[in-house]
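Here the structure of chain Z is known, so what remains is to put chain X in place on it, guided by the hints.
Protein chains: 2
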Amino acid sequence: MDINKLSINTATFKHLNLKEVADLCSKNNITAIGPWRDKVEEIGLKEAVKIIKDAGLKVSGLCRGGFFSADSHHNMDDNQRAIEQAAELGADCLVIVSGGMLPNNKRLSDSHQYIQEGLALMVEYAKSLQVPIALEPLHPMYAADRCAVNSLEQALQICNEIGEGIGLAIDSYHVWWDPQLFKLIKKAGEDDKILAYHVCDWLTPTSDMLLDRGLMGEGVIDLEAISNEISNAGYNKYVEVEIFSNRLWQLPPQLLMQKVIDAFEKEV
Amino acid sequence: MDINKLSINTATFKHLNLKEVADLCSKNNITAIGPWRDKVEEIGLKEAVKIIKDAGLKVSGLCRGGFFSADSHHNMDDNQRAIEQAAELGADCLVIVSGGMLPNNKRLSDSHQYIQEGLALMVEYAKSLQVPIALEPLHPMYAADRCAVNSLEQALQICNEIGEGIGLAIDSYHVWWDPQLFKLIKKAGEDDKILAYHVCDWLTPTSDMLLDRGLMGEGVIDLEAISNEISNAGYNKYVEVEIFSNRLWQLPPQLLMQKVIDAFEKEV
Numbered sequence: 000m001d002i003n004k005l006s007i008n009t010a011t012f013k014h015l016n017l018k019e020v021a022d023l024c025s026k027n028n029i030t031a032i033g034p035w036r037d038k039v040e041e042i043g044l045k046e047a048v049k050i051i052k053d054a055g056l057k058v059s060g061l062c063r064g065g066f067f068s069a070d071s072h073h074n075m076d077d078n079q080r081a082i083e084q085a086a087e088l089g090a091d092c093l094v095i096v097s098g099g100m101l102p103n104n105k106r107l108s109d110s111h112q113y114i115q116e117g118l119a120l121m122v123e124y125a126k127s128l129q130v131p132i133a134l135e136p137l138h139p140m141y142a143a144d145r146c147a148v149n150s151l152e153q154a155l156q157i158c159n160e161i162g163e164g165i166g167l168a169i170d171s172y173h174v175w176w177d178p179q180l181f182k183l184i185k186k187a188g189e190d191d192k193i194l195a196y197h198v199c200d201w202l203t204p205t206s207d208m209l210l211d212r213g214l215m216g217e218g219v220i221d222l223e224a225i226s227n228e229i230s231n232a233g234y235n236k237y238v239e240v241e242i243f244s245n246r247l248w249q250l251p252p253q254l255l256m257q258k259v260i261d262a263f264e265k266e267v
Numbered sequence: 000m001d002i003n004k005l006s007i008n009t010a011t012f013k014h015l016n017l018k019e020v021a022d023l024c025s026k027n028n029i030t031a032i033g034p035w036r037d038k039v040e041e042i043g044l045k046e047a048v049k050i051i052k053d054a055g056l057k058v059s060g061l062c063r064g065g066f067f068s069a070d071s072h073h074n075m076d077d078n079q080r081a082i083e084q085a086a087e088l089g090a091d092c093l094v095i096v097s098g099g100m101l102p103n104n105k106r107l108s109d110s111h112q113y114i115q116e117g118l119a120l121m122v123e124y125a126k127s128l129q130v131p132i133a134l135e136p137l138h139p140m141y142a143a144d145r146c147a148v149n150s151l152e153q154a155l156q157i158c159n160e161i162g163e164g165i166g167l168a169i170d171s172y173h174v175w176w177d178p179q180l181f182k183l184i185k186k187a188g189e190d191d192k193i194l195a196y197h198v199c200d201w202l203t204p205t206s207d208m209l210l211d212r213g214l215m216g217e218g219v220i221d222l223e224a225i226s227n228e229i230s231n232a233g234y235n236k237y238v239e240v241e242i243f244s245n246r247l248w249q250l251p252p253q254l255l256m257q258k259v260i261d262a263f264e265k266e267v
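Top to bottom, those sequences are chains Z and X.
Going letter by letter, the first sequence gives residues 0 to 267 in numbering that gives the first Met the number 0.
Going letter by letter, the second sequence gives residues 0 to 267 in numbering that gives the first Met the number 0.
There could be a bad hint or two in this list.
One copy or any two copies: either way a pair holds, since identical chains are not told apart in the list.
Think about it this way: if two alpha-carbon atoms lie no more than 20 Å apart in a straight line, the pair counts; the simulated DMTMM-like pairs of lysine to aspartate or glutamate are [what the hints assert, rightly or not]: (1) Lys105 - Glu264; (2) Lys105 - Glu228; (3) Lys182 - Asp109; (4) Lys105 - Asp221; (5) Lys105 - Glu223; (6) Lys105 - Glu266; (7) Lys105 - Glu217; (8) Lys57 - Asp1; (9) Lys57 - Glu46; (10) Lys265 - Glu189; (11) Lys49 - Glu264.
Note that these hints are calculated values from the structure, not bench results.
The shape of chain Z in the complex, shown without the other chains (with noise of 0.2 Å):
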């Protein structure tokens, strides 16, 4: 991919604050962020705006709205806020995590129902807004608490039924495993639903299941044939960079920066 694709997701550097990463940036010719709405919200949305426009960047997508197993409305006015925050950001896409399964209901197939519904109700609001919802499938180890939606054929197919307004988010840590995997983004493609492309890599072994991703190449993701995959797909935007490490959180973060930028370069 070429480096001018290169957008920077904020948890990458999980102890900077917007501004922070957005200098950090700047600095290196990067022209794209991927902020988390923590981050946001922290330095509140306005100055959000200001912080990102003075630096030049462009937002790729924001992080992230769903959870809608966590109240009894789809989690309905948090989500709301997210799609007015990406609107105002200018943000290519909102992400998506769907939440876990519902509580006290062991039929995944419920979850599924509700988290459908949820999401077309965003949706519907969120394109008065222009705002494309990009739902991710999430590692089948999430399915329980943090996304009950873990497979690309279920994510394109839930994006199909809704149909305008909704696509994927693709991240390679995620769907590397899937025997189906390159079939599956040619479809995406076809149907013209990828809305974002995130990389990191799956170390071996794997000593913590939230926080202990690596930065491409170091681990056992195909990542070159997957994003050759998702270029012939037709999908040109950006590529997030995001990657939970308590290891690279502990780099000084313009070397973790140039890390990758390097690891970008050569292996996505």
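Below, chain X alone, put in the same frame as chain Z:
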């Protein structure tokens, strides 16, 4: 499931040797056991056969062969030994975990092909000794280092391509998250490919990717629905309880056994 279908996988009582597990089964009127090979080899095959016979137990399956990527010959020496052990023990099947990705090769499809070749070789030899080979897809979180076969759909496809002599070991822990699960169990039944059914539960949160499985009912898996689907698919053999749990292994064996029996009757 009828309590007479309960089989105890020796991993559930990791700190006991084969004779101790067999005696515990006897004492609790359990009629089948699923031994791991290390427990068999620790005491010797001949003695293991005698212990199991003396305790009046059937062998619902032997764990395990596979790990094809462990060497350059599909790990075939060890796999032949596993087949011979399964034959001597009169096991209903030999459970196979495929092993992870080939070294220095990020193309998952290459690993899949290598695994399928290894399985075909095993099946040829296993048929001569009348040992059914039971391919167990593991959870995608083990894709890199333990089992590159991670979906029931893919495992079933491999079984159908190889044909006679191979079927599936379906473990609730590894497949519960799959949105296609019920459809695939039905299809596996129609294809006459279900050879084993293992149960335990998925805990939320999961503190360890290997050794934090739950007793049936402690977690989120809809075991009743899965068991129904397995029964409806025509499976009527033993149901193995296989729980890797640092927590449960601390319990006195008879107490754990009683919990297993109670949970089996209530949840499976």
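Structure-based check of all given hints:
no. : hint            : verdict
1   : Lys105 - Glu264 : between (44 Å within a copy, 18 Å between copies)
2   : Lys105 - Glu228 : between (36 Å within a copy, 15 Å between copies)
3   : Lys182 - Asp109 : between (27 Å within a copy, 16 Å between copies)
4   : Lys105 - Asp221 : between (34 Å within a copy, 5 Å between copies)
5   : Lys105 - Glu223 : between (38 Å within a copy, 10 Å between copies)
6   : Lys105 - Glu266 : between (40 Å within a copy, 12 Å between copies)
7   : Lys105 - Glu217 : between (37 Å within a copy, 12 Å between copies)
8   : Lys57 - Asp1    : within (16 Å within a copy, 61 Å between copies)
9   : Lys57 - Glu46   : within (15 Å within a copy, 70 Å between copies)
10  : Lys265 - Glu189 : neither (28 Å within a copy, 47 Å between copies)
11  : Lys49 - Glu264  : neither (29 Å within a copy, 62 Å between copies)
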